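Visitor: Starting from the two chains in their separate frames, assemble the complex, guided by the hints.
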Amino acid sequence: MAEQQPKEGTFRERLTILWNYSKGFRGSYLVAMVSQAGSSTAKAVTFFLLGFLVDQTVGHNTFMDFLPLLAGGIIALALVDGFFSFLSGRFAAKSSENVARRLRNTLYDHIQHLPFTYHDHMAAGELIQRSTSDVDAVRRFFADQAIGVVRIVMLFVVNLAALLLLNAKLALSSVVVVPAIVVISVFFFRRVSKVYDDYQDQDAILSTMLQENLAGVRVVRAFARQDFESAKFEKENTEKYRRGRILLLMHSLFWPSSDILCASQVLAGFILGALMTIHGEITVGQYVSYTGLVVYLIWPMRDLGRLIVHASNGMVSAFRTGEILREHVEDLDAGSYRPAGPSRGEVEFRNVSFDYHGDISVLRDITFHCLPGQAIALLGPTGSGKTSLVNLLPRFYEYSSGSVLLDGVELREYPKRYLRRQIGIVEQEPFLFSRTIRENIVYGVEREVPDAEVEAAARAAALHDVILSFPEGYRTLVGEKGVTLSGGQRQRMAIARAILKDPRLLILDDSTSSVDSETEAEIRGALERLMRGRTTFIIAHRVQSVMHADQLLVLDRGRIIQSGTHEELMHRDGFYRRIFLLQSRIDEEVELETESGEGADAVLAS
Amino acid sequence: MAMDEWEEEDFEESWDGQTLARMLGLAARKRLWMGGFLATVTLVAVSDSVFTYLKKLVIDQAITPGKPESLVWIFALFATLSLLQAAGVFTFIYLAGLLGEQIQYDLRRSMFTKLQELSFSYFDRTPVGWIMSRVTSDPAKVADLVTWGLMDATWAAMSIISSLVFMLYLQWTLGILVFLTIPVLVFAGALFKQRIIRQYRQVRQINSKITASFNETITGVRVIKALGREENNLHEFQSLTDGMYAAGFRAAWLSALFLPVVQGIGAVALATVAWFGGARAMQGTISIGTIQAFIGYVTFMLWPVQDLARVFSEMQHAIASAERSFSLVDSLPEIVDRPDSADPGTLRGEVEFDHVSFWYKEGKPVLEDFSLRVRENESIALVGPTGGGKTTIASLLCRFYEPRRGVIRIAGRDYTTLTQKAIQSRIGVVLQTPHLFSGTVRENIRYGRLEATEAELEEAARVAGADEFIHRLEKGYDTEVGQGGNQLSTGQKQLISLARAVLAQPDILVMDEATSSVDTMTEALIQRGMESLMTGRVSFVIAHRLSTIRRAHRIVVVEEGRIAEIGTHAELLRLRGKYYWLYTQQFRWERMRELDMGSVRGLLGAQET
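Quick mapping for you: the protein sequence lines, in order, are chains A and B. Under this note's numbering, the first residue of the first sequence is numbered 1, with each subsequent residue one higher. Under this note's numbering, the first residue of the second sequence is numbered 607, with each subsequent residue one higher.
Okay, chain B solo, but in the shape it has when bound (with noise of 0.2 Å):
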């Protein structure tokens, strides 16, 4: 419902050429298919009407003269025609569609592509919300203007166009007006559906809001039952629902009032050539037949004044979705790789923090003149408050972002000299919350190393310490873990993450240690698991479990950006400073959550036995 709030905050009234252009460019691309349903829509309206055109003839050649023998030909020559169109509709309905397809995986595509490019500043300021609506529901918006929109106004177009020939070529005074109602029509229709449209957007808008409040309500059920806040919040709904009940009222009679009214403006059409027709009729300047054709071609041609307007009416919506689609094809990434940096094979050897200053928003420094030089396969934890610049440093280290001033240095070399894929192929990341994608536990640690056998995932798994668990699961290795990994709990998804980090055996480890509460042999296996991802290699762990932090060489209390302090666990304790305070503070915590409740059946089950 998000996605739609930002979607209507985004419309735009407004819309110009260059857009326009774009997204005819996009169907171009298939210039056959695009020329072939155009070529056979224009085929089909025109046989349209001649369809009219041989219904005069039936009159004017068979009935009025008395000679049955010209049904022969007229008939002949009308099933031929819709045989024919029926050809073209096949083949117009395929190929618009076709390219409609095309383009709507075309552009799913070089949405997601760009999207694997774009920087992590990208995501930060662009809402989640947003990015899906574009690549899940506009390119349908788009495709469908420039295939199934251009084919209904190219239709449209040359029904109208054809009858209007047929019709100056019968009797050219009572065609000119005819056509003189048709601008009026097509105006009318627009206007209409434009109001129509915003209309509609009213309902929608006030939908979302009726969902949010169902699932607020159905989520939030227990809350509501204790607090007994039942009658307000009925109160509170049902002047929603009168909303959306005036709303939708009003959209929908709006609607129903919409054919009548160009019918009715249709009608004046129809009485002029009654009228007119009728006169010369009897002036016998016009035929039966004739008049016959001109009320044909007006009733008919109340179709394709329709389908004009509401494509008209329709564009703007689909313009702005494409404006919005390019907006993201055509954003530029921040980080990109130097024309001549280079893969150096490896990243063993130190890495430096050389005065780096980086920040989110100009003018809030996050990390300030940081600086910090870790020795080959050299641990350090890094604590502090939250907010303190810990997971900045991760960041930065990872190429995430960039320093703002400053450079970072692995192996000697600074590292934007490097490629992206160079660093983040060989670092390492355990996240907090670790991250897991749909599919089994075997590809979920395989993303770690794609090419890696099945003995050395294996083998990943028990470093890590989790085969254990992985064994007990119903089909091990094969086992579906959910989107977002949610069939597994918390403890299990951490230790398919390290199991990943493992297997990818990289040179630099950047861990964020996860204070999620999970029960205390999932904590000795997770810890377990860190420890032997942590030897012989440089390592940074924002470390808040006190075995974590007493492990690492070397410990560095970060706070507001800065290093407040830094040094061995023993060296800092002495100082009795900020580390001594948090150290307590972490043990006192640690020490407590072990003795909770919950994992105390320990003790009660020696009192029973």
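The shape of chain A in the complex, shown without the other chains (with noise of 0.2 Å):
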């Protein structure tokens, strides 16, 4: 899982994935972009209109009874821009949040497809990152930066026409710097989002300190390391103070700077209005309705860098969520073999080999064969490739050669829901989700599950009990904000899952080391129970427990390298039997430790 750089895509391509997410709500998109022509015409109207009345109103007495009309009309046009703007916006946000809801959803489903291969390489941080953060970027590209962009170069085209129509040389002579102002902006909120970075950056690194603070809280205060510690947090304290100076001073740099350019063309374009006037080239109204549009040609454009800016960063996100999609899912449901009722649970593994990037061969040469009910047994140090064995059975692994068979059919042939419709598998410590205990147990049914049924398959799991104990019984909530539950309590969760799920062949990690005694034969009668009548592959852990099983395989760097039923393996001299005989001899050694120990008193006091 090595940091990798994430790949940013090139600029094309960052807009092929946005028109592709766009896709259904262009329609309404448009008419958000439209609108902001609208509420721009709007606005340049009021200032003709004013224009007007100032012109009207220079020596005419007649003029008096247009009064209302234009009070009117200026309302009229404040309604229309403001029509205009809340459609603009309503639209953009009913595109943006659409277009993010299906990226979520898309996204969420395409997660939960992914093969086990996928989500092994991929950090889940990351995954979880791209999914919310890049999404959310994604959402702003659409409903604040390219709408934004719209509407500063709507502004732009449209009050520039209406300057035009007024007169064409003091509209392209008002318009001089704004190129200038545009690169510059651009150019001034490239470096401060980087700068921004380092500032949230040092933020991070302020939360990791005091975490870690916290969390070693009995560790500071054993140590008497309190002034320490403030200290080392004191030092990046003031580098948060120190980076934070220095965005200021870029941001007290640019804004005043900014200033003075916008001023200086508008001042520019007030004397040379001014002078026109006076030289009658133009109106005393035509000059009122000019200082009032100009503005909205020059201030906007400061804007238009960091719209663009941000604009960009969400064409990254674009990307990014892009590349999860790219990822091939497992198709479920493909597969020409679709038996309708359950499988009997014969398997046949015939020179089974499988390695998992195509590298490092993990399974050579397995070949066994077990009947429908049969438990077998699979035992070998840590890495044997006893786990990866049971992985291929609902196919979350493909295996590269050799065949698997059940019920005499290739398991490629079965779709993939089917066989783990089949497939039960009980966890050593499986994952449990924050939900309410019952909800934990029927997770995996897809049918309404009866109290009495969930209930059941509690006690037949001996979790029954424990339940109750909870405040909430049943309801109670599992993880973070409910309750803890301990390792033995959390596998027998599984094993009522399993019993619910009623499967036909069962996969199970038998470890009981973390559980005391009387937990042990609580689970072990639990899962003997399971296990009647369905075909179980059981990862076993210890020798004791697995001697009455069908078929004994014990593996070894991919490779059975011994297998038969626990009288067979007991008459040949090899790994099965020289374990079984230590593991047996543990009992003896307890009464001779104990009996040695109530000596030892002796050996001290001599």
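Mixed in with the good hints there might be a few duds.
Which bits of chain A does chain B cover? Going by a derived footprint, with three or more residues having C-beta under 8 Å, they are [as the list claims (entries may be wrong)]:
1. 79-87
2. 306-319
Listed next, the in silico DSS-like pairs over lysine-lysine satisfying Cα-Cα at most 27 Å (straight line) [to be verified]:
3. A:Lys232 x B:Lys636
4. B:Lys673 x A:Lys232
5. A:Lys232 x A:Lys194
6. B:Lys815 x A:Lys235
7. B:Lys747 x B:Lys636
8. A:Lys235 x B:Lys636
9. A:Lys235 x B:Lys1184
10. B:Lys1081 x A:Lys235
11. A:Lys169 x A:Lys232
12. B:Lys747 x B:Lys815
13. A:Lys232 x B:Lys1081
14. A:Lys194 x A:Lys235
15. A:Lys169 x B:Lys673
16. A:Lys232 x B:Lys1027
17. A:Lys240 x B:Lys815
18. B:Lys720 x B:Lys747
19. A:Lys194 x B:Lys747
20. B:Lys673 x B:Lys747
21. A:Lys235 x B:Lys747
22. A:Lys240 x B:Lys636
23. A:Lys232 x B:Lys720
24. A:Lys194 x A:Lys7
25. A:Lys7 x A:Lys23
26. B:Lys720 x B:Lys967
Hint data in this document are derived by calculation from the structure and do not stem from the laboratory. Fair warning: this is a prediction, and the values are worked out from it, not measured in the lab. A virtual CB, placed ideally from N, CA and C, is assigned to each residue, including glycine.
Guide: Set out below in structure tokens:
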């Protein structure tokens, strides 16, 4: 899981992805964009109207009658402006929220269907980050940035057109600095966005430090290191202050200097306009319109840089989410053989080999055959391939060569959905979801399960009494906000889950090392009940618990090195017999140990 | 995400002036900066109004009379003011921002320092997430209100006031008419903003649920596949995103409505100007320049009004943040050194628990009338079921908590007459779940004694049995251990925490022995390290491993807060009581584990050769 620099894609690729994301909402987004033009136009017309008012009032007395109409016109135009800007906001929101919703749903479902091999090498944190922050960045691209750019461009275009209508010379000399403003602002915001990242990074450092300090509060106190910790924090805190100052300095230089740039342009326009009015090239009313319009032409341009920089970040985010969607998902329904009823549970491995990513071979030449209802125990040291072998059955991974037959049919011919329905897995410490205990038990069952059935399953898993001891019984929440279950309790949750699922094949991770002997007996009983009548694969950790299995397979480094029943294997010298003898000697040792312990005083005394 | 929820739960609708006053007090610490930005922002606001007035003069003094030479002085004034304004903008951004950073810095520092003083009981009842958001996100909110918020409000108020003054000066009746719309605007704006903020809060809440859902699905994806839960999950998730859509859409269109509403009210004012102004102009009582100035003031006024609305509606939230931050800063530690407490220089000697009782929650005693006398250099193994009170005994000894009844004496003195530092700097603690800090291996060991020499440090590592694996690390002592030490295995972390305790040369040793699975090699190493650490000092070991238990001078079986059995290993075995049962259990378990499949490669190797 090495840190990899995430790919960012070319501009074209990013744009294509955003274009695809907008599918279905392009119409409403277009309405949002066009509305911006409507709003800009209404603003421009208002200034024309005011100019008209000024020209009409100079030396005319008959205009009195038009005044109410004019006042009404101003209000009407404001309403039109407001209507369009609201329309634009609403439609932009509608499109962007829809895009975000669809993207969230698609990503969620896609992630659920990505194969194990993908999840094995993808860090969970990275995936969560992309599904949440990056999706939100895409949403903001549509909701704020793209429409913001359109707004500024529309303001510019419409107002420039209006000015051209007034007077071409005046109009053209009013936009001289605009390109400079845009360039400077893009340049500035690009720099600022980097400095801001630094500032945020320091924030992360501070929270990590605090978190460590809180998590290690016992260590801090135990060594009386409060002052040391404060000094450490002080250093990073000061660094944050320093970085904040750099950021501030940039802002406090950019805004006034761009102010001066914009102001000088506006000022120059005013002077020119005033002179032209005096020389009679334009009317006073036109001059008044001009002074209003030109403001909308110049000042918004400063914001363009910010929007462009943020929009390009949004495009990178879009590309990152797109990368996930490009990965191939598992097709749960592909397969030519679709049996109507449940499987019989006959499994055969023929010369099966498997490697994870085409490099290290994990399983080599595995061959065995088991009949319906048999129990197969897999033994061997950590990393010998036990788990990899059982992971082939639900097709979590695909074997690279050989064949696996279920009821005589190649496993690849079955739809994965069917296979996984036939197989129940009881892990040692299964993952529990932050839901109630009941919901966790029925998690894998698609039908409605009546309470009585849930309780029966919990009882069979020796879990019912434990559950009743919780404050809210079956409705007790599991996890951060609820109860924490012990290892043994988690395992029994998995057993209860499997009982409800009622699969034909069972995969058991048989480890009871983390529980006391009483619980162990309970779990063992529950497991035995569960195994009855099902083909079971047991990943065994102790010989005693699997000696009654129908077949024992001893694995080492991906190969089967011994196989047979307990009796057969006990007749041969080998791994199995050695470990069996060693483990069964323990009881004798306990006896010896306590006897020698009782006599220890004598030794100490002497 | 859990952090957000705490924050939302705590949000209060009401606020009090005291907190606001205290917030302003934070800013007032840098009087000069505060005065500086308030003065410059006022200058900027006033000069904006002057600009509009200058525009009027352009028409009335130059255009209407046809005197282009007047333009010279008007625009000279214009340019000068622009430069002055730019200087003002620079000053207030810089000063207000700097003051904000300073306030954040001060708040974070005082909170962190306070956290180092607070007693364990505080951490028991306060979720880490809550503390985290106090220190990480609240300072910015508090600072924002008293710097940018205050600045915006000042700017807005000054803009409105100066425009008003100009309007009244130009034409007082029209001025009053325009001014009447302002309260309506601010009030409507603030109401609106509040609703919008509430809506966005809902968006954040749903968003944290969505994040949680992604988190769970991604980490639990293997179970989901095994159980074939995909369709159901998607269904559930869709109801979340639907909720998100509804809340997000509503928040966005409410925001989109805000500006038009404000502008609409503004347009009424503008229409008033057009009507009355136009009429007056025809009568010749006001000039065209004046009409233009009024239009300028009215259209410009929409911005300060919006700013005011925003500041008012955000104020509540910031004050709630401040209240929570202050509550942390004001918390008092439960354990404080007495004024006459002393540092005896050493803790060597007897340790005595004299009829000690303790409870975390009233009515639920954890220790009851616990008495134990430990001789100098004696080692005590504490055994017994989980929740029996073993860890509490260790915590009391370290004075993380103090006995509710009874006395603990160290070297003959009631330990509450000693300073906390005197005790904690001389008790070595090794915890079951070893905690390391980000940094190098060296820095983590040095934590035990900051002034230790390089040679002492490495010697400590040797004694603890840690040097071997450290040398095998790529960068040796300079290897980064990662956050919480996550680059190392649990066993390695334990060895380093042992070395840290060795380096500290404590007078008393407290160890919560680890039961986590480490490989046999490491286990043997840890064992050796612990033994060397235990010799020659009073030591308390919460023990699971048989070798440790056997080695202790005395064994105390603690059950339900009381001593169930006490004596040497042999004595207790002969009793055939609780200890006997625990011991045989543990023995069986340890042997089993040794023979677990994971550690039997040796047997395989023997067969293959």
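Visitor: Evaluate each hint against the coordinates.
Guide: These are the hints, each one checked on the structure:
| no. | hint | verdict |
| --- | --- | --- |
| 1 | 79-87 | holds (count 6) |
| 2 | 306-319 | violated (count 0) |
| 3 | A:Lys232 x B:Lys636 | 25 Å, holds |
| 4 | B:Lys673 x A:Lys232 | 69 Å, violated |
| 5 | A:Lys232 x A:Lys194 | 26 Å, holds |
| 6 | B:Lys815 x A:Lys235 | 35 Å, violated |
| 7 | B:Lys747 x B:Lys636 | 18 Å, holds |
| 8 | A:Lys235 x B:Lys636 | 22 Å, holds |
| 9 | A:Lys235 x B:Lys1184 | 53 Å, violated |
| 10 | B:Lys1081 x A:Lys235 | 25 Å, holds |
| 11 | A:Lys169 x A:Lys232 | 64 Å, violated |
| 12 | B:Lys747 x B:Lys815 | 23 Å, holds |
| 13 | A:Lys232 x B:Lys1081 | 23 Å, holds |
| 14 | A:Lys194 x A:Lys235 | 22 Å, holds |
| 15 | A:Lys169 x B:Lys673 | 22 Å, holds |
| 16 | A:Lys232 x B:Lys1027 | 19 Å, holds |
| 17 | A:Lys240 x B:Lys815 | 31 Å, violated |
| 18 | B:Lys720 x B:Lys747 | 20 Å, holds |
| 19 | A:Lys194 x B:Lys747 | 23 Å, holds |
| 20 | B:Lys673 x B:Lys747 | 53 Å, violated |
| 21 | A:Lys235 x B:Lys747 | 22 Å, holds |
| 22 | A:Lys240 x B:Lys636 | 19 Å, holds |
| 23 | A:Lys232 x B:Lys720 | 15 Å, holds |
| 24 | A:Lys194 x A:Lys7 | 18 Å, holds |
| 25 | A:Lys7 x A:Lys23 | 24 Å, holds |
| 26 | B:Lys720 x B:Lys967 | 24 Å, holds |
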